[in-house]
Amino acid sequence: MTEVKKIVEKEVLMNGTQAVAYAAMYADVDVVAAYPIRPYTEVMDTISKLIADGELDAEFIVAEGEHGQFETVKHASLVGARTLVGSSGVGWLYAMEAIVVTATDRAPVVAIIGNRALDDPGAYGVEHNDALMVRDVGWLLAWVDTAQEAFDTTLIAYRVAEDQRVLLPVGISMDGGFLTHSEQIVRLPPKEIVKDFLPPYNRGKYLVHPDNPITVAPQVNEDWVMEIRRQHEEAMERARVVISEAYESFKKVFGRYPGSTGDIKMPENPFVEPFMIDDAEVVLIGMGTVSKPMKVAIKNMRKQGYKVGMLRIRWFRPFPTQDVIRYLSNARVVCVIDRDYSMGSPNRGGVVYHEIRSSLYDLDQRPKVLNFIGGLGGREITIQDVEKIIKIGYEHRDTPITKPVYWVGVRGDPW
Amino acid sequence: MAEKEIEEKVYKSIIKTIKDVPLEEYYTSGHRTCQGCESALVMRFLAKAAGPRTIVIGATGCMYVANTTYYTTSWVVPWVHTQLGGSGAAALGTAAALRALMRKGKIKQEPINVIAFCGDLGCADMGLSGVSNAMTYDYNLLIILYDNESSANTDIQETSMTPYGAQTSFSRPGKARRIMKRRWKKNVVPIIIAGHRNVKYAATMTPAYPLDAINKIRKALTIGGPTFIHSLDPCPKGWDYDPKFSHELGVLAVETGIWPLYEYVNGEIIYNEPTKSIVEGRMKRKPVKEYLEKQGRFSHFTEEDIEYVQRMVDEMYEEWEIPGVMPIKSINVKISDK
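Line by line, the protein sequences are chains A and B. Residues 1 to 415, numbered by my numbering, are exactly what the first sequence covers, in order. Residues 1 to 338, numbered by my numbering, are exactly what the second sequence covers, in order.
Simulated from the structure, these hints should not be mistaken for laboratory data. Careful: at least some of the hints might be erroneous.
To be verified - Interface residues of chain A toward chain B, partial, derived using beta-carbon atoms under 7 angstroms:
1) PRO210
2) ALA217
3) GLN219
Nothing here was measured: the structure is a model prediction, and the numbers come from that model. A virtual CB, placed ideally from N, CA and C, is assigned to each residue, including glycine.
Extracted from the complex, chain B is given alone in its bound form:
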């Protein structure tokens, strides 16, 4: 398809207001996710955004265990389980099969969305090489990382997506060491866009901004080729807060600058929602303290810890060449000056 045509198609896929969002649900009752589960909203949005001509693949994780209890599946579209590290390969296999079967006339020629979702472990840790491999091919597929910043299904263990200092079953503050999780959270979207040149679309999202989220999924599915979305999903169980604050925490993650909302479209970074105003200097970031102090997992934080996180977030916007995205602080093209 010509670039212009694709652009038009992508533009047409965008939903203007929340009232225009389709009423049909393809992820419905039958699941047993926790109260206030934002990852369940990711599932609902992806099914809604994609519509009925879709195959969804789910890697092991809480969105497998909670959503597909035998006899009460919540999925109206076909849904297949893949192993914890298998989402990339499963999406590839599905998309490759559809292409071969359609080309060879074994099934009807039509666009069928292939979406694989995976959690922290299934995408950012164990599954990263498979996701990366899927991103090197030209099949139409979307991989969504639903990131609740822990291994939530196994009782909240640390993953590479757990933020600095957060308390989990693998990173409990103790008498000798207050901060057990000293690694900084992995920055997945930049890994995808920097390392996979044929990816036309990648984005961050959070369910607290539903229209932004739904439109990102629709754009990813329309633009063609492999695409990637990283969603930050507040998790009452893992983050230790009252379920009624899930939405508020998603908003705070963005407004404090901890979770920048942006999309990568054909080589361009486009900031969305409050992140756009923050980067353009029209809005001041809220102090990270407002976000951190609402969560039990940071209750052991001292002022010093909060300041450290604040400094790290400040650096993202004040020192990075691409604010909130790439941790590159300068681009020196004048080699002769050295």
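If we strip away everything but chain A, and leave its shape as in the complex, we get:
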């Protein structure tokens, strides 16, 4: 246990997007590139006002589209600027080419993804498939649950991304509507101590500047791609250590563990949030704000004698394989709630479901894994839905799985 300082924090009511904008202001970003799309846009609305009010000194670029938006910050980052960018749904996908090279050029850009369903049909609401499109291309990906966690994770993201052992972009996902647009109390630490946590961005020998005339991203063909991909993958692996260090350092500097507010104590694990998991026979898994109905349902069901707990994934890349194994190896049934889908995949399940199943495969005694696809396009996953999920999970403690994947509350398909 590290020693905790007494820090006086300011309590402010803000939504998830505003929390991110404030964190970027605290991080003293240099270049921000914006393009509007719901529901992430208020990050940029807020940043723009912070610049106008003189709270933040940064160049604010309104791009011609998301592709240009992400190219802008990539290049700003390569010449040494700390940057903020973001998007949602199809906007994120429109930028996909630029998003991939941001990672391969090792630009520590921080992006906010206000998760949104992909077109068509149009829907503003949350779905995780937008951010998950980059799960394989070397972005660090976090999923936050509260405005406080959004603020804290943004500061952490800069520190991790810019660490010379990592130099990779970070995508912070937040559920559209449920977090982007809901106001919560956020504790803001004194701005002047941020420098104790977040050192200046230093690209070292990779800086693009006339004093350091390097050629970035030359044509390598078959000669070098293998080695470059491998270096990239190793940086992703090193990020695990750097993330852990950052969370510890955050606690030392700001006097609380990231994600914690005054009353709510976040368990001290950067990668997952376990909840009532120690004796749980059935464990629910999810990412983002679905933890809210999950926690209430778990408490309700515990009163009825169900031994049930939760594991919320906080960092999806790098994936917390060891934590998943540690927390799930004693469970009998794991119920993964996916706010996403992977059409035509094994068992026709969701993305997180496959990651969890894969993580557990090497265990001698593994729990059964059920998948619940729900809440797509912003539909609410209710407490009653989760209670039903818990019951289905419980039934499978002793019976074999005949139907591995359920769609939660879809019309015409009773579950």
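Place chain B on chain A using the hints.
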């Protein structure tokens, strides 16, 4: 800076004779461009004209693939790749970062040139909206379109910059249709100057006139704000001619009037080199046939096709209000006459 001061600075940046051009090269050996590649000369000129305090950004295209082979980069100044449609945004991001970092004291305050180059696809097609966006800001940056009139790196495909009727892999003459490319080449500099009021400098060039080219790059970098240059680069591979004629074709493009050389400076059009004499009536344009018949890509042309191109070029000089620049044939201010 006051206008007078800028004018003086721009004037000072001009190189008088070819003997005064700096000997230092910032784009050197190590590239593997084709014999007779005029786009490689654009790279050499832009690096020479800009000097060592420069960041060059290159969009995907033949000047990426051929110039920056890993371990043998030809760039002495820092060079960064950007995606095919990314040159405008990349230049913006670089220039914005430099401004922020200098203002905030994070790097030394000094003028650093930001130059992004892009080819047909990266500028005139996919990249046009990004280039346009960069032209709406006030950052100091130069975007150069090196135009070899095809997608040269992928084996010569048609782009919006391919001239009327030219043969490419996407526009091959066949038994039923002799002319597959029926679109007229996009006129990019006028798009930039008509649509972006704060652009102080835009120009056309071709490497066949080296001093003109180098000075245009220097003026663009000196005048301040976003600037744009469109270079016509004869390409032996795409145009199908012997590499030794690259220079000659550049000259012919100008002398036939197909490629007018001009610059736009603070609202004025200034014609350069032979184009000046042509527009002023002191020189007769050569027939376009002399230019077309030297290139294999036009070998399927009949007399009728050549006449059509000639008519279109004639119109540029005889009917346009701003010869060779804007396809506006009349300006009618007398509304009451209607």
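Verification of the hints:
1. PRO210: holds, 5 angstroms
2. ALA217: holds, 4 angstroms
3. GLN219: Since chain B brings a Cβ to about 5 angstroms from GLN219(A), closer than 7 angstroms, the hint holds.
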